[in-house]
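> Knowing the structure of chain A, use the given hints to seat chain B on it.
As you go down the protein sequences, you meet chains A and B in turn. Sequential numbering of the first sequence, starting at 68, is according to this note's numbering. Sequential numbering of the second sequence, starting at 931, is according to this note's numbering.
Taking lysine-lysine pairs in the DSBU-like style, the calculated list, with each CA pair at most 35 Å apart, reads:
(1) A:K99 - B:K1158
(2) A:K99 - B:K1169
(3) A:K228 - A:K99
Okay, the calculated bits of chain A under chain B, using three or more residues with CB under 8 Å as the criterion:
(4) 120-127
(5) 136-147
Interface residues of chain A toward chain B, partial, derived using beta-carbon atoms under 8 Å:
(6) G89
(7) G133
(8) L337
(9) Y341
Since the hints were made in silico from the structure, they are not lab data. All values reported here derive from a predicted model rather than from experimental measurement. We put the CB at the ideal spot given by N, CA and C, even for glycine.
Each chain, letter by letter, is given below.
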Amino acid sequence: MVNTGVTLCGIPLDNPIIPASGTFGYGQEFAKLYDINLLGTFSFKGTTLHPRYGNPTPRIAESASGMLNSVGLQNPGVDKVISEELPALAKVFHKPVMANVSGFSVEEYAEVCRRFDACDQIGWLEVNISCPNVHDGGMAFGTDPHAAAAVTRAVRAVTKKPILLKLSPNVTDITEIARACEAEGADGVSLINTLMGMRFDLRSRRPILRNGTGGLSGPAVFPVALRMVWQVANAVSIPVVGMGGVSSADDVLEMMLAGASAVEIGASNLVNPYICRDIVAALPAAMERYGISSFESWIGGTKAWQET
Amino acid sequence: MLQTVFTVAENRPLAEGIHLLRLAGDTSAITAPGQFVNLRLDGFFLRRPISVCDWEEGGLTLIYKVLGKGTAALTEYPAGRQIDVLTGLGNGYDTEKSGEFPLLVGGGVGIPPLYGLARRLTLQGKHPTAVLGFNTEKEIFLADRFAELDVPVILCTADGSRGVRGLVTDGMAQVCKYTYLYTCGPERMLRAVYAACPVSGQFSFEERMGCGFGACMGCTCKTVTGYKRICKDGPVLEKEEILW
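Same shape as in the complex, but just chain A (with noise of 0.2 Å):
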């Protein structure tokens, strides 16, 4: 028998298998669908102070093993959360969840932290500095070493919950930004967010994105994912929450292999809505194929080629 269980910043899980934010809404479409506590956990739509219909629609496009997105953080704000989205979420989610955070400053996201904070469902604050569909806010505060360290000590100094900033890979030097959130106690960092992306329609001339730019996600980004996660996993030392690209049950192992503790799946959601709920499942048998009886040592337990 293996052991799926990993841990990430002192919270057990049952498996290392966590939805990612914006394709999991708050859990109900996909609690009709599955029994979503065999997850080990889920985060949920990246919440704001205020609510948000988000950017004009179209909103969504296609690309080759991928697409784009500009939903640009559509959410009801933090207190319609509080006070509707996490008592439906209690009737079918026994795990404590993470709540994915935005904001377009950083008191905006120490408020949405601080009123979060006062929640038992909530297990995790994952803070959302890399969304790149929306001005003056979200990716500004992730492509910045300075301001990635101000949101995280503001946030910080409001939480004793674990907190997770959510990294953008629009940068030069992701390892840069990992250390900067690190050094303002940040319990983790979880990345990629989306790629910064576009598409033209021929015939119109015009952005297929009503908003001109979006994020692009998908089995496309995997092997960019990847090679950031195993570039931050080698640069600090708290837990990394690998995403990117995410499909089958091989790619969760080889992001742990990277250096993630735990692994997000987003785009996949959307093609196929059972995809976390066969991961989950398949994970053991995939695991006993590669001889990995317990993630322990498989974590960031990459080997280098050697001279011969």
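Frame of chain A, contents of chain B only:
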């Protein structure tokens, strides 16, 4: 919603740029005309959402327009080929609201879901009339099938090659009285129909979708009653809740 595997029973051209696809499989998740299915095609990451034209136990009919590489690839799917499908998506039309003489207004590839609706309305003893709009005669499809249901059809073509020359609103002007309106078509047509329609009704919208089942917020629109996901809370909206 149900994830299932359908088998292609028939896949053939129906009119210029328009194809008919009959699929065999479990249709139990489809509960109302105007709902859609989401097809996973080999080599394409996102699924293709297509409205259900008609269905019965064990099979359904889709009519699709070749718009891009995905739908072009779908035309090559032979009988016997299996397709992974999410079925029973969206809310669909409510036939209870129709009154005795509903008017069905469709444009181009927006017409197929109105056929399944017309068949159910006639089975309920109602007397629908259909106004069907096309660009030109060569693109006409399904009009004869409405006629087989004894549904009076007013054909409109933009170039006047058949029927009323003009838009569906020109065809609507020939119907003196109707109790309710059901419509589906391009947004510009829906706007014109909205402006021309004196009664209440249901409008079916189209949007680029990520998931098709309400998870990604990719297709949200603003309505009088708040934000609605076209895929999950729609695609059918009440006339009174539409914000243009």
